[in-house]
Amino acid sequence: MHNKVHEILTGIAALVCGGFMWREASALPVWAPTGELGSGAFPKGVIILILVFGAVQLLQGICMRAPAAKAAAGKNHRMLLFVLWFLAYIGMFVGGAHLYSLLPYQPVENNLVFFLCTFIYLAGALIITGRRSKKEILLVSLGVPAVLVACFAFCFQIMLP
Amino acid sequence: MDDIFQAIQLTCAVKPLLANGIGVALGIIFGALPGLTAAMGVALLLPLTFNLPVAEAFSALLGMYCGAIYGGSITAILIGTPGTVAAAATMLEGPALTARGQSKKALDMATFASFFGGAFSCVALIVMAPMLARVATAFGPAEYFAVAIFGMTVVASLAAASPVKGMLSALLGCYCATMGGDPITGEVRNTYEMTELISGFTLVPVLVGLFAVAQIFVTVEDSLRGVTRDMTLRLSREGLKLRDFFRYKWNMLRSSIIGVIVGIIPATGGGSASYLAYSTAQRYSDTPEEFGKGTLEGIAATESANNASTGGTLIPLLTLGVPGDIVTAIMLGALMIQGLVPGPLLFQNEPQAVYSIFIAFIISNVLMLIIGLSAVRSLSNILRIPPTVLMPCVMTLCIIGAWAVNTSAFDLYTVVIFGVLGYLMHKVGMPAAPLLLSMILSPIAETNFRRAIIVSNGDYSVFFTSYISLGLLLVSAAVAAKTVWNEVQRRRHLAASQTEAS
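As given, the protein sequences belong to chains A and B, one line each in that order. Its first residue numbered 1, the first sequence is counted upward by one per residue in the numbering used here. Its first residue numbered 1001, the second sequence is counted upward by one per residue in the numbering used here.
Note that these hints are calculated values from the structure, not bench results. Wrong hints could be hidden among the right ones.
Below, a list of computed lysine-lysine pairs in the DSS-like style, where the Cα atoms sit at most 27 Å apart [claimed, not checked]: (1) LYS1249(B) with LYS1293(B); (2) LYS1427(B) with LYS4(A); (3) LYS1015(B) with LYS1104(B); (4) LYS1482(B) with LYS4(A); (5) LYS1249(B) with LYS1104(B).
With the rest of the complex left out, here is chain A:
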């Protein structure tokens, strides 16, 4: 299903990304001092093709006759929240680990950061996705990190984030 707005946005995104890529690759040499192809030849060729196909995509979108589809509102906010909550989960790891490393001494086991972050993430994610049973939320958000720590850290000896 082609959506005119999506088609145009894809073309614009490709052109903008291509522009940034070109800026980064502009200093790379197309030819090496020995006369052979340099390190910039392939990336620049790829970027030119991205710009060309981005322009084609944009033109296709503009010339498209189909009307722009209405965005499905309503549940989109919850979806956005779910994605942001995932980003926060990663942030919790990085921030939590940083804070943990700042402690003068590490009083508890390292896996506690993972356990706590995952507990908070799962509880939040389940609420965002519409789960209402407190018992279920508590069981899943406490049980899953406990099983993961037991399975990965103790059985497989894999370091957890």
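Since chain A is already given, all that's left is putting chain B on it; use the hints.
Frame of chain A, contents of chain B only:
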């Protein structure tokens, strides 16, 4: 011969068998659950195999692969929702048989046909891979360049409803692959002054992001929108009779051949194989009018074809180092992590590892039959877990999987970037498979292109003087031209129908 016996000894020990069984069982669950895919399962299992020996690691991974391709048929038959793309064609017959109270019969047929296809592809892999590897030893940089270009062309042209988006996705993959050190001069490029990018993106976090995190977002979004599946599982009592199985032996053989051939072609995979086998079975059937109304013949064709494609995809991976689909792209990473360089020399330098992979693949198919027949009823109960509960839990597995590779925070950022990118790509109808496959194939293309030019002292005709290279480049050009032609025709039809409508 010693290598074969040692490989049998290694793969038939308790631990590899256990790893294989767990892989198959998990694979069936991943394949059966809509929203969880074979690629996701293999990607999440991959970090667990880092510390394992080759036989155990590939037993688990191949078990997951075979199990997931088969598992897709369970939901396709029982609830009319294919767990995997490869099982989409099974949905044409499965729900109708379930509605007639023949769900057990249909599932048994799917299990036996999957085993038949899988076993056939094992034979094809064992016979064809060493032959192709011998041919490939004559390959030089020009031939490898042509193979990579062929793979990328097919990937970009087949993967999208819109070839322009397919190309953009493939080009984005090519660009991502250029980040880090230049393969010839070692010069650092396109790192945006990030030291973590000097060695480029690590493959596992990229594919976990693109194929696991993005898929989780899509599934959660579907659930939030109310696109839920009916989880009332109706499993009948009457199973398959041996007579029914033998009745379709030629159908399964034909479909398996189709599956292996389609599997060898990059980017086609089980989905295309099963549709092609289905239409071929209908054409050669004595009762073509039964197709679409619930016939075991259709299930026999689709399931044998999609499982036969698993062995087919492994052939170019092991012999040329060119992955046939996303799962084998992940397997490529697994081979490299184990210190094995896929390609023709793998058969000369590491014969024991190659035989271990072959034997593990055979065992996976046998275990798939055993677990499929005995435990499908109990495994089906996992389908009752709502996706809104399951997906956040799988998300935590994605994080562990991505972290386990290098224990680096940058890998977590990579998962986020590619997860969100994959989700946005899905939203605008841009396929993610070309991005990943190009990320793997484009360094092969660039390195071998530049190497060929250096070896030939700057003579660009080197790509056209070799018959293999010339043939592959011509086929690539033909595929690209056909894609453009199809797109022009499609747009012309669309414009004509819109004019008529207005």
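CA of LYS1482(B) to CA of LYS4(A), is that 27 Å or under?
holds, 25 Å
Check the hint pairing LYS1249(B) with LYS1293(B) against an upper bound of 27 Å on the C-alpha distance.
holds, 21 Å
Quickly compare the C-alpha distance for LYS1015(B) and LYS1104(B) to 27 Å and report which way the hint goes.
violated, 32 Å
LYS1249(B) and LYS1104(B) were given as a pair; does the straight-line alpha-carbon distance stay at or below 27 Å?
Holds, because 19 Å separates the two Cα atoms, which is no more than 27 Å.
Within a Cα-Cα threshold of 27 Å, do LYS1427(B) and LYS4(A) meet the stated pairing?
This hinted pair holds, its Cα atoms lying about 13 Å apart.
Going through the hint list in order, the structure does not satisfy hint 3, though it satisfies all others.
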